[in-house]
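Student: Starting from the known structure of chain A, arrange chain B on it as the hints suggest.
Number of protein chains: 2
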Amino acid sequence: MTEIKVLRNVLEANQQVAEENRRRLREHGIFCLNFISSPGAGKTSVLEKTIAGLCYTFRFACIEGDIAGEQDAKRLARLGVPAVQINTEGGCHLSAAMVKRALDELDLGNIDILAIENVGNLVCPASFDLGESLRFVLLSVPEGDDKPRKYPEAFITSQVFVITKCDLLPYLSFDVERVIREALEINPRLEIFRTSAVNGAGVEELCAFLGKKLKELRGPNA
Amino acid sequence: MTEIKVLRNVLEANQQVAEENRRRLREHGIFCLNFISSPGAGKTSVLEKTIAGLCYTFRFACIEGDIAGEQDAKRLARLGVPAVQINTEGGCHLSAAMVKRALDELDLGNIDILAIENVGNLVCPASFDLGESLRFVLLSVPEGDDKPRKYPEAFITSQVFVITKCDLLPYLSFDVERVIREALEINPRLEIFRTSAVNGAGVEELCAFLGKKLKELRGPNA
Numbered sequence: 000m001t002e003i004k005v006l007r008n009v010l011e012a013n014q015q016v017a018e019e020n021r022r023r024l025r026e027h028g029i030f031c032l033n034f035i036s037s038p039g040a041g042k043t044s045v046l047e048k049t050i051a052g053l054c055y056t057f058r059f060a061c062i063e064g065d066i067a068g069e070q071d072a073k074r075l076a077r078l079g080v081p082a083v084q085i086n087t088e089g090g091c092h093l094s095a096a097m098v099k100r101a102l103d104e105l106d107l108g109n110i111d112i113l114a115i116e117n118v119g120n121l122v123c124p125a126s127f128d129l130g131e132s133l134r135f136v137l138l139s140v141p142e143g144d145d146k147p148r149k150y151p152e153a154f155i156t157s158q159v160f161v162i163t164k165c166d167l168l169p170y171l172s173f174d175v176e177r178v179i180r181e182a183l184e185i186n187p188r189l190e191i192f193r194t195s196a197v198n199g200a201g202v203e204e205l206c207a208f209l210g211k212k213l214k215e216l217r218g219p220n221a
Numbered sequence: 000m001t002e003i004k005v006l007r008n009v010l011e012a013n014q015q016v017a018e019e020n021r022r023r024l025r026e027h028g029i030f031c032l033n034f035i036s037s038p039g040a041g042k043t044s045v046l047e048k049t050i051a052g053l054c055y056t057f058r059f060a061c062i063e064g065d066i067a068g069e070q071d072a073k074r075l076a077r078l079g080v081p082a083v084q085i086n087t088e089g090g091c092h093l094s095a096a097m098v099k100r101a102l103d104e105l106d107l108g109n110i111d112i113l114a115i116e117n118v119g120n121l122v123c124p125a126s127f128d129l130g131e132s133l134r135f136v137l138l139s140v141p142e143g144d145d146k147p148r149k150y151p152e153a154f155i156t157s158q159v160f161v162i163t164k165c166d167l168l169p170y171l172s173f174d175v176e177r178v179i180r181e182a183l184e185i186n187p188r189l190e191i192f193r194t195s196a197v198n199g200a201g202v203e204e205l206c207a208f209l210g211k212k213l214k215e216l217r218g219p220n221a
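Protein sequence lines correspond, in order, to chains A and B. Note that the first sequence ends on residue 221 in numbering that gives the first Met the number 0; no numbers are left out. Note that the second sequence ends on residue 221 in numbering that gives the first Met the number 0; no numbers are left out.
For reference, chain A alone in the conformation it holds in the complex (with noise of 0.2 Å):
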């Protein structure tokens, strides 16, 4: 029983940072995104796309959770954008207090998209709210159609779920009609986008989406 106590009272404190995170964000009319997925789907890619879709419009930095090396907030710096590592040192997920340290690292004040990538795992980071506006689930497409049954958590706490990785539909069994099925039957308020940083199908759906959201965010006025 002192296991799941613990762990409840850690959801709990993270949940209370979170709430701060996400109040001290919308004071500055900041969009914050959460990208959960596998090692290797495509975060940083789908990132790279929309930011170079998006940077003439809107003023985007990122928060890159890694458990170690800087490899991907150096990806983003290569493209002008502020970018700030957290290396987890073995953690399998960010919390609200590491992101709430980033905040600190950053100019709030020139942010109009904030983009945190997650550690790439499917599983924990679903648990933990970070304060983000919105967050987004990805999947790729050689990671196989099963895998909203299979991990469900993620699917059902995020609002917009990106298929990555499209260009390779050819070379795979990979049923799409089927994961859309599926993923809705767990949470059938999910957005969905088919998209490929190779080909850049989907890329600009997208970012037509996170523009319409950002602005119902501030209000017509904004």
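These are computed hints drawn from the structure, not numbers from a lab. Remember, it's a predicted structure, so these values are computed and weren't measured experimentally.
Given that identical chains are not distinguished, each listed pair holds provided it fits within a single copy or across any two copies.
When the alpha-carbon atoms are kept at most 25 Å apart in a straight line, the in silico PhoX-like pairs for lysine-lysine are as follows:
(1) K99 - K73
(2) K149 - K99
(3) K149 - K73
(4) K99 - K212
Tutor: Below, chain B without anything else, positioned relative to chain A:
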């Protein structure tokens, strides 16, 4: 500090049960494999191919770890292999205690190789010994060649590194030499196999390796 202390207690308790499992398996001359990877890296497919290649020589059994569902156990049961499904109900890894209970369900006198398929997660399962003889880390080509450095623990604690989905190499930029070099920098004693469940590449080598290892475990007179 509470969180860390409890985690250490959990790991110590797990280690004790893992040693019990290891003794029990050794008494029955069972060679036990623990497969760790991201979701969809091909654990079940590699297992299916290995079983098909060795099922006339050795008696297999499987323990399937999943957060929800029993699809993988059903896939393996189709091969005529005794399979026990563990549902972790949200838990991000198998524990030695879960495996202990699963061992009670198996006829240990009729097993040569017991394959445990862990929850799809490249992070958390690496911290939990299950009592296995050999730990396998699998990485699929679509996940990218940068993963050993980003997720070092699974590579540090494994003895075997299986690169899966090599049939997709023509369609992706994945540097096999780089991934092997960086994995060996992290753990120089890794045995490495390049495989494809689609065209069967590397399966024969993997089967030969397992046969050799089982003979080592049982000694020359087995």
